[in-house]
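Asker: What follows is each chain in one-letter form.
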Amino acid sequence: MSASYFFLLSDPNVQYVALGAMLLTGSSALMGTFALLSKKSLVGDAIAHAVLPGVCLGFILAGTKEPLWILAGAFLTGALSVYLIDFIVHNSHIKEDTAIGLVLSVMFGAGIVLLTAIQKTGNAAQSGLDQYLFGRAAAINRQDLLVFGTTSVLIMALVIVFFRSFTLLAFDRHFAHALGFNVKFIQFIQTTLIVLAVVIGIQAVGVVLMAAILITPAAAARYWCNSVKTMLWLSSAFGMISGLCGALISYAAPAMPTGPWIVVVASVIAFVSLLVAPEKGMLSRSLRQRRLQQTIAQENLLKTLYKLGEKNEDFLHERTAQEIMRNLKSARPQKLLRQLLKQGYVERNNNHWKLTEAGYLRAQRIVKIHRLWELYLTTYMNIAPDHVHDDAETIEHLLTPELEKELERQLGYPSTDPHQSQIPYRKT
Amino acid sequence: MPIGYEDITILITGTLIAICCALTGSLLMLRRMALAGDAIAHAVLPGIVIAFLLSGSRSSPFMIAGAAAIGLFTTFSIEMLQKKARLQNDASIGLTFTFLFATGIILLSMLAGQVDLDQDCVLYGELAYVPLDVWITPSGTVMGPRALWVTAVLCLLLLALIIVARRPLLLTTFDPAYASAIGVSVPFYHYLLMGSVSVTTVVSFELVGAILVVALLIAPAATAYMLTDNFRMLLVLACLAGAVAVAAGYAMAATLDTSIAGSIATANGLLFMLAFIFSPQHGLLFRKKRKPVIH
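As you go down the protein sequences, you meet chains V and E in turn.
In this text, residue positions in the first sequence follow this note's numbering: the first is 2, and each later residue adds one.
In this text, residue positions in the second sequence follow this note's numbering: the first is 66, and each later residue adds one.
Treat the hints as calculated values from the structure; they're not laboratory data.
Predicted model, so just to flag it, every value in this text is computed and none were measured.
Treat the hints with care, as some may be off.
Once the Cα atoms are required to be at most 27 Å apart in a straight line, the calculated DSSO-like pairs of lysine-lysine come out as [stated by the list, open to error]:
#1 K96/V - K148/E
#2 K148/E - K40/V
#3 K330/V - K281/V
#4 K148/E - K281/V
Isolated chain E (complex conformation):
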């Protein structure tokens, strides 16, 4: 099968999304907040639907802001449920995101026909339509696919953030007590990260769907974690794993004529499996047998 212009556009956009997700996902994993990422990925749905309804378009900055706000609200309400209502951690995550996602789906069904957004888009995303949505400037110049620009800008912003704030991010991740002792604001970086996760999720959401966002956030980070113990290496390998999964998944979807998002998630799983078995340091084959833990 020859690779055309469309395939290349889709692949580049997909890779950029995978890199954005891998960067934020790695930080989430290290903070043991992988499931908070899962929760945000689901919870932004009502935000997207409402913002879409108000602004009438898919790609307004307004929509990104609205959904990012809902992402932060999710983080905040999970914490409130835990602290004020004394609900246990897993239950407060589960309660919050299922409620918000359900509300989003109901809104979608009620507005069926009025909005150009449906359940299929929520679940599978529309990576295949990326080349069709072209950004044309007011003066009439054709700039290429809109999603490509959005993801590229997001990717650069996230990279800049991680390079500039590398030390405080590391500190607040691994030793929050020490960080606050030397004057680094732990809550600030917490919410900064959750904000980045929300924006990443919103941008990725309509392209790859709710579930694949979770796969792209967590799986590449987990794969990289099997291969290295070094923070910088972890980020690089996670981006690489995400990109490889996108390419492999896209090829698989084209061959089997099936969902792109689902195939990329599956490819991510296969990559993790390989790393889990064959990693030289931590792999199943080379790892020293642990003493059995008594349960």
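Extracted from the complex, chain V is given alone in its bound form:
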């Protein structure tokens, strides 16, 4: 299998098509980043479907599959769909999602009407026009590559020129307006580029699934980074990988439509990203969450031992696990105790447990933060003393040492909290 693919790549003809497909999907995915960030990715879906009547009109006017005409026709109806959605939303009470679905399906229907009409004319040049539906990368010829390739390069160049404006527009258009940016103009350029990206992508992916190339690589890239620049690089790289796979499959199995394969490859990249990406991936987030829950449970146990110690003023007193359990809401106190034992915060003597020096200090800090926070809320926020416990119960595990110091300073090292409990300080 891999040997045959290697063989494919050494064929200059395949290199040609592979390069073309990568250029198309790469530049589409580039604009997809901005479509995604402006929450406009489904408008991209509408544009993609609305391109079909334009492709047919271009063909009818030119009489052949002349790429420039088809590009122009596709661009016109694609842009028209954006304008129509905007017009409907602004001039009626119809919501954006309905407007998108309406324009998408009606324009695609009109495209199908034109396409069937063309097919029935018996014009020999029309054969292959239906490849615009699901894409066929292998059908890219020299002339196509020239037109579509130039457009891709144009898109990339304009993205570089307008990078700052597009980013600002995606995140805070009102701020952009206040800064004196010409929001309408930038919006116009951005929409134009998104339409262009769709129009050139259809050669490889086809109109039906084109939206995926705008949405999926960008969504995948979003999981790996926090900067728009990195996201742009990653997104177009993911798009290129998908395009390359599509081109190869198109050669290996000519009967296969390319678009669906490109989309499946891109989707797999996205699913892997959302699962395993560090920081934002589902796995690492749930791992982090579990770790935090564990720390909170452990700290609550230490706190319980400390509070029991407060009663008889002997913090290092040995207690049975049963006594601890009676005073602690936890599903698995034994497991928590074993974990704390390993970390050196408690000691074990047969069935008796006691805080170590380190455990005592950690518990003391938590109790101190809890009580300081209660006092802070009653003093500065004017919250009633019987409403501050739950909030303090959360913050005690999260407050950083810097904020802890600031809290002590602002409150002036008080000795008791709103419930007249002692606030314990570490002896120096």
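With the hints as your guide, set chain E onto chain V.
Answerer: For chain E alone, kept in the frame of chain V given last:
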């Protein structure tokens, strides 16, 4: 052109589908979930292909159940992507349905020749073949076109559902917080609606194709929404708009000798345009000028 038995069968079947779609589509629109309907319409394709492969026939209840399951799975996975993977709403819809639809098309291409289902059918549907597929009972009685029966039953079920569950459907649509406060299960009606959308989509899919399903779901509802603010009136007008579009689209397709599904979608668009411009309450001509919104 004289209207024959076949035309009437096609028109009645088409109208029934339009009514089913209009009923579910109106609810979707009011819940601002029009695009979830779009997503389901695409996503049922792999379900249809797999069920078709397993059962070997097009009209088994097994197939409807399988595809309905995939429809619910789509809804569920869109929600999971949003909640668990923190993906933004539009992207999770787009990612889910393009992936499922692509998988469906690939399955279709791989099985080309083995299944009596192809890309053309997926896109255009086969409304014109409705009169040819006749339901014959085991005893040999000819009952008429199979699709007619299926759509009629579905239509009655949906009507019954909407009449019986009118109040909870309304409540969960317009005030979910109040609904759950008085003990109406919001998730239950959510999934009930999504299940109905899936079944409607599956039944309509092979008759009118994936894209026209979307047109029939959304466009009549949008047209009716331009004309009335009353819930019951909205449903009635949506069904009416769908039916008129089917008739007009069919006539257009016959005159121009072109795709029926595409023509019906176009007719739906034209109807909406008329309502958008001339509606007495909300139309472009009679509407008070809104203050321009600053962007």
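Asker: All hints are to be evaluated individually against the structure, with a verdict given for each.
Answerer: These are the hints, each one checked on the structure:
1. K96/V - K148/E: OK: K96/V and K148/E at ~23 Å, within 27 Å.
2. K148/E - K40/V: Holds, at about 17 Å.
3. K330/V - K281/V: Roughly 31 Å separates the two Cα atoms, so the pair is violated.
4. K148/E - K281/V: At roughly 13 Å apart (the allowed maximum being 27 Å), K281/V and K148/E satisfy the hint.
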